[in-house]
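**Q** Listed below, chain by chain, are the residues.
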Amino acid sequence: MSNAAIAPELGPTGQNELVRELQDRIRKLQSTKLDSRDLPTNPAIARLLPGGALKQGSAYSVERSATLLMALLAPPSAAGTWVGVVGVPEFGVEAAAGFGIDLDRLALVPHPGDQWLAVTAAIADVMGIVVTRPPQKASDGSIARLAARLRQRGTTLIVLGSWPQSEAMLTLEESSWVGIGEGHGHLTARQATVIVSSSTGRPRRARLWLPDAGYQVREAGMRPVDTADAPVADIRAPRTWRA
Amino acid sequence: MKQPIQPPGTAPERVMLLWCPDWPVIAAIRTHGLKPDARIALIESGRVYACSGSARAEGVKRGLKLREAQARCPDLIVQPYRADEDARAFEPVLTAIEEAMPGVQPLRPGVCAIRSRGPAQFYGSEEEAALWLLDHVDALGVPASRVGIADGVFTAEQAARSPQPQRIGIVPAGDAATFLAPLPVSILDDLALTGLLRRLGVYTLGEFAALPAELVLDRFGDPGARLHSLAGGRDSRPVIARVPPDELDASIDFEPPLDRVDQVAFGVRATADAFIRSLTDTKLVCTAVLVQLESANGELSERSWLHPRSFTAAEVVDRVRWQLQGGSTETGLSAPIGRVRLIPEAIDSIGNHEEGLWGSGPDERIHHALSRVQSMLGRTAVLTPAIGGGRAPADRMTLVPWGDRVLHEREPDRPWPGRLPDPAPATVFEPPRPITVFAASGAEVAVDDRGGLSEPPATVSAGSSTLRVAAWAGPWMVDERWWDPDAASRVSRFQLVDASGVAWLLSLEHGHWWAEARYD
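Respectively, the protein sequence lines represent chains A and B. Per the numbering used here, residue 1 is the first one in the first sequence, and the count goes up by one each step. Per the numbering used here, residue 1001 is the first one in the second sequence, and the count goes up by one each step.
A few chain B residues that face chain A, going by a derived Cβ cut-off under 7 Å, partial list only:
no.	residue
1	V1373
2	A1381
3	L1383
4	T1427
5	V1497
Which bits of chain A does chain B cover? Going by a derived footprint, with three or more residues having C-beta under 8 Å, they are:
no.	region
6	85-97
7	102-114
8	124-135
9	186-199
Calculated directly from the structure, the hints in this document are not laboratory data. Beta carbons are placed, not taken as given, at the ideal position from N, Cα and C, and that holds for glycine.
Make a model of the complete structure from these sequences and hints.
**A** In structure tokens form, the structure reads like this:
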């Protein structure tokens, strides 16, 4: 995606939006090739991704958030894509089902050991999305081979952690939980800022419900979120506790 | 005399009935390889269903509560009653009888009926035929079985059960009513009817049979009328011989015994092919297979493998290999294998398993790829998840090896009070990780027996990093399975949000803090 290089820093925000929209349209027109079809993803997150969608045959990396990973996986899985999760023994199945991942089309290989690259490649051959966490740094050669295989098969790779050839990196910031106070309530929903940084262009961020009280991932209003210190807990009641 | 339900001309035929007393016990002894004189009781829903003669001598009897039975006979061997085991163990008996005389009708495990006319002519007399039958059954090691010969199945069973030293009870043709007359009505096996009859002053079958048939029909309906004709020795049930089932088991003997997994797996391939082909020929598919491996020194390894759809030959070979490996990926065996037996445990009509036009179940390609990963890492390395029952997030994850059917350890449909409210944590640590929670005073936070918190948590520290606690909730006490000392757990759960915005599910058990899951 070399056309992102022309993303200029225009002054007013309105113009900036217009330019971005035009760029998006150009990208969409360009990406009608067979090898870069899109996977349906949560629209709130897809908006932040380069190209406006999760692309087949590309790699993405997600840092420090399994919830964000599940929010990414749920719509393609519900639409019939098989998902393989390699080397993530702590993948929370109940949360996955709650987000809408179809457990019938989910296969887990929690402990691939030192064969994780071979296992990832074998699963990438047949499944639409592979999630993996590299246990150690992979060699450049093996990464390139895997990338070629992904492109050829049209498989999307989502890496938990950093990955040299990733299309975009998704991270979370400023989580604020709703429903829990100091000694009362329980976790019900959370707002967090999702930051998507890609090699092409500056990081995009959005404030999302991740999840809201009904396991939905959606935008939390339109207010721009900068580095404002959001309250960690929205409900604050006086502490009443018998010591 | 008028006979309301029995059309004229269908006089009861002569029936030879074999009764093996205490069959469930014999079946359990044969299945579990117990000593024949063991004091054994089979338990169904907390009560004794059947017990061996030696246990009966100690005062154990049917219908007794388990605890009462154990009090009467402290060294009682207790096994759960399993009807399928019972029926399966009776199968060799039926097969042996079919070799000697044709047309066996299994009535229930331990009891079967044979039309006696043919055998009586062949062996010379009814008594001679019964002796032959007992010889055959004794040769199988079934002790003290008895034979009754009479008009109709009901009368024949009463003849077999009649308390007399001889093992053969013969009621001559036409004497059924006379034979049955002195027996109590309670043998009719209909509690409501027999209770009512006793209150009406009818104590014996003879008295019951003497009642007018029309009145019995009016008062007790068709079921009562049927029992009335049974009591009169007019059992209209014919003996319907079973169709002997096809032999679907397959086995192969290795001579000399093989001591490598791959050798056995290769050797069993043709047998597996034949096994699946014979099933397909009878328009059946196998959904559960029992693999028996017999080693050269007589050890028997037996395991039942379930399949989410139906087995192919290659998958059967895989199951044999996995069973040989016993979870490890090594190729050596503790003892060379002399015999492999494949028994279809559950079969289904092939019509129910035909693939749809666009295929059903997971894609073949996915199955191949995952099977390949299984061959690289071992069978239990590739898992399919399901949501099970339970309270802790780790308990609620049911992980099943790829290719197996989901069997829930804890019922997912139950309400599970005390489980965590939604949303579920996205990261579930298995096993939990150690973590420490400190109060503002610097002391570790503790919970007393009544669920009282010593001090509110202020900081949480995992490994080298320490974070301020921004919000917390709990403790939620969960006291699970207190009746089982091995599985009991008494845990206080907390939800806790640290200063970086990550929420944790923590548990405090016996003074140790654990991070069970993370909401990240």
